[in-house]
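Here the protein sequences line up with chains A and B, keeping their order. Numbered per the numbering used here, the first sequence spans residues 1 to 311. Numbered per the numbering used here, the second sequence spans residues 312 to 405.
Keep in mind the hints are simulated off the structure, nothing from the lab. Keep in mind that a hint or two might mislead.
Stated by the list, open to error - One side only, chain A facing chain B, incomplete, derived with CB under 10 Å:
1. 29
2. 31
3. 213
4. 214
5. 217
6. 220
7. 223
8. 225
9. 226
10. 228
11. 269
12. 273
13. 277
What the hints assert, rightly or not - Straight line, CA to CA, 30 Å or less: simulated DSBU-like cross-link-like pairs of lysine-lysine:
14. B/359 to A/187
15. A/173 to A/93
16. A/302 to A/175
17. A/110 to B/359
18. A/175 to A/187
19. A/110 to A/187
Since we're looking at a predicted model, the values are computed, not measured. Note that the Cβ used here is the ideal one computed from N, Cα and C, for glycine as well.
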Amino acid sequence: MNDEIKKPSLKFKIVDIIYIIMMVLPLVCGMVLDILTTPASSGVNIAGARIYYEIDLGGSRFFNIIISEAQVNSVLVMITIFFVFLYLTHGLKERIELKRQHLAEIIVQKVDGLVGENMGSDFSAFGPFIIAIMALSAFSSLTSLLGLYPPTSDMNVVAGWAILVFMIITYYKLKCGPLYYLNGFTKPVFILAPINFISEFATPVSMAFRHYGNVMSGGVISVLLSTFLAWLSGLVLGWAGDYISAIPIFQVGLPAIFSIYFDIFSGCLQAFIFAMLTMLNISGAFDAEEYERRKKKKLEKKKLKNINGGN
Amino acid sequence: MELAIGIILGCCALGAGIAMIAGIGPGIGEGQAVAKACEAIGRQPESKGAVTTTMIMGCAIAETTGLYALVIAILLIFVAPQQFVNVLTSAMGK
Chain A
1 MNDEIKKPSL
11 KFKIVDIIYI
21 IMMVLPLVCG
31 MVLDILTTPA
41 SSGVNIAGAR
51 IYYEIDLGGS
61 RFFNIIISEA
71 QVNSVLVMIT
81 IFFVFLYLTH
91 GLKERIELKR
101 QHLAEIIVQK
111 VDGLVGENMG
121 SDFSAFGPFI
131 IAIMALSAFS
141 SLTSLLGLYP
151 PTSDMNVVAG
161 WAILVFMIIT
171 YYKLKCGPLY
181 YLNGFTKPVF
191 ILAPINFISE
201 FATPVSMAFR
211 HYGNVMSGGV
221 ISVLLSTFLA
231 WLSGLVLGWA
241 GDYISAIPIF
251 QVGLPAIFSI
261 YFDIFSGCLQ
271 AFIFAMLTML
281 NISGAFDAEE
291 YERRKKKKLE
301 KKKLKNINGG
311 N
Chain B
312 MELAIGIILG
322 CCALGAGIAM
332 IAGIGPGIGE
342 GQAVAKACEA
352 IGRQPESKGA
362 VTTTMIMGCA
372 IAETTGLYAL
382 VIAILLIFVA
392 PQQFVNVLTS
402 AMGK
């Protein structure tokens, strides 16, 4: 067997190194920005995302364009994900030479399997969208491990995703025609129309609140826990003078155990749940039978027209 | 004035605490869901994957009401007092 593995060329290696640098660089930039802009303060600080820059358009503050920490971090995360996937798919070959190609293939297979299982064959093109949402959500939540402000604990970011999903849902509901869409509100009884209308808008709201509430409550609990531990160590070491009692020794270790649940497990679980709900809602919105029926009807009409026109 | 601000802060904190009573509901519901999922896996161990996925989805949906309460509690603690005090001071200033 001629199974020798070719050494990658120099150009290939340089491109690889550029990808790896571009993966890490945005996160390092975010950390530096975070350190530079954090105001020196002590005690519990549970606030929303800090605002880096505000463009005043005149009028009410509501209409100002605000560049906040959450937006900047989510853009940085997007750049990182972009280069992670470029790195994984760099040097794809039919006969696998690189280990990373196995990983890339596993990801694609798993996502395609998940989409095929939950959405059916009509939506097999949805794989890239689902993995994009899943990766963005998971990486955004995991940035809290680096000490960055996780973008998913800002309502605005998650609400943006939820609105995007809502637009796709509405698009698939409108596929069978606007009249059929409006008629869907009066089912099963006409009186239930207002409630159906409300529940239509409850989907994006509940998706956004679920993701935001889970990630943010984890962050709040972590801050409260570490503050409590600092207070406790100050209490225990109070006899040793000002300088020693300011060292929060109890903060070593215990917050890390909670972080495994709140940051890693909860973040990844919420990403999975968000993607699952996206899949189920989109595939539930599309009435395949009605669409087929309409398509057939249209084709028959066209045929009749053609025959009539031909004659 | 101080008394009014004190009442506002106290009522906001009380309201946040009362709002979190809603946590009981999701707790019971998720417990039921997990118990039934354990039973199902015990009866049919080969369907573990499907049961676990469905259970996690169900738990996530059952959790929503609790999270609504959480969001309201957090708004009451971190956002509402400031707003109410602003309203009060602007009303007193007139």
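How the hints compare with the structure:
1. 29: Result: violated, 29 Å to nearest chain B Cβ.
2. 31: violated (25 Å)
3. 213: holds (4 Å)
4. 214: holds (7 Å)
5. 217: holds (6 Å)
6. 220: Result: holds, 7 Å to nearest chain B Cβ.
7. 223: Violated. Min distance 12 Å.
8. 225: violated (16 Å)
9. 226: Status violated, d = 18 Å.
10. 228: violated (17 Å)
11. 269: Holds: closest Cβ of chain B sits about 7 Å from residue 269 of chain A, inside 10 Å.
12. 273: Check passed: Cβ of residue 273 of chain A comes within 4 Å of chain B, closer than 10 Å.
13. 277: holds (8 Å)
14. B/359 to A/187: violated (36 Å)
15. A/173 to A/93: Not OK: residue 173 of chain A and residue 93 of chain A at ~40 Å, beyond 30 Å, violated.
16. A/302 to A/175: At roughly 19 Å apart (the allowed maximum being 30 Å), residue 175 of chain A and residue 302 of chain A satisfy the hint.
17. A/110 to B/359: Judged against 30 Å, a Cα distance of about 18 Å means the pair holds.
18. A/175 to A/187: It holds: about 18 Å lies between the C-alpha atoms, which stays within 30 Å.
19. A/110 to A/187: Not satisfied, since the Cα-Cα distance of roughly 37 Å exceeds 30 Å.
Hint violations for this structure: numbers 1, 2, 7, 8, 9, 10, 14, 15 and 19, all remaining hints satisfied.
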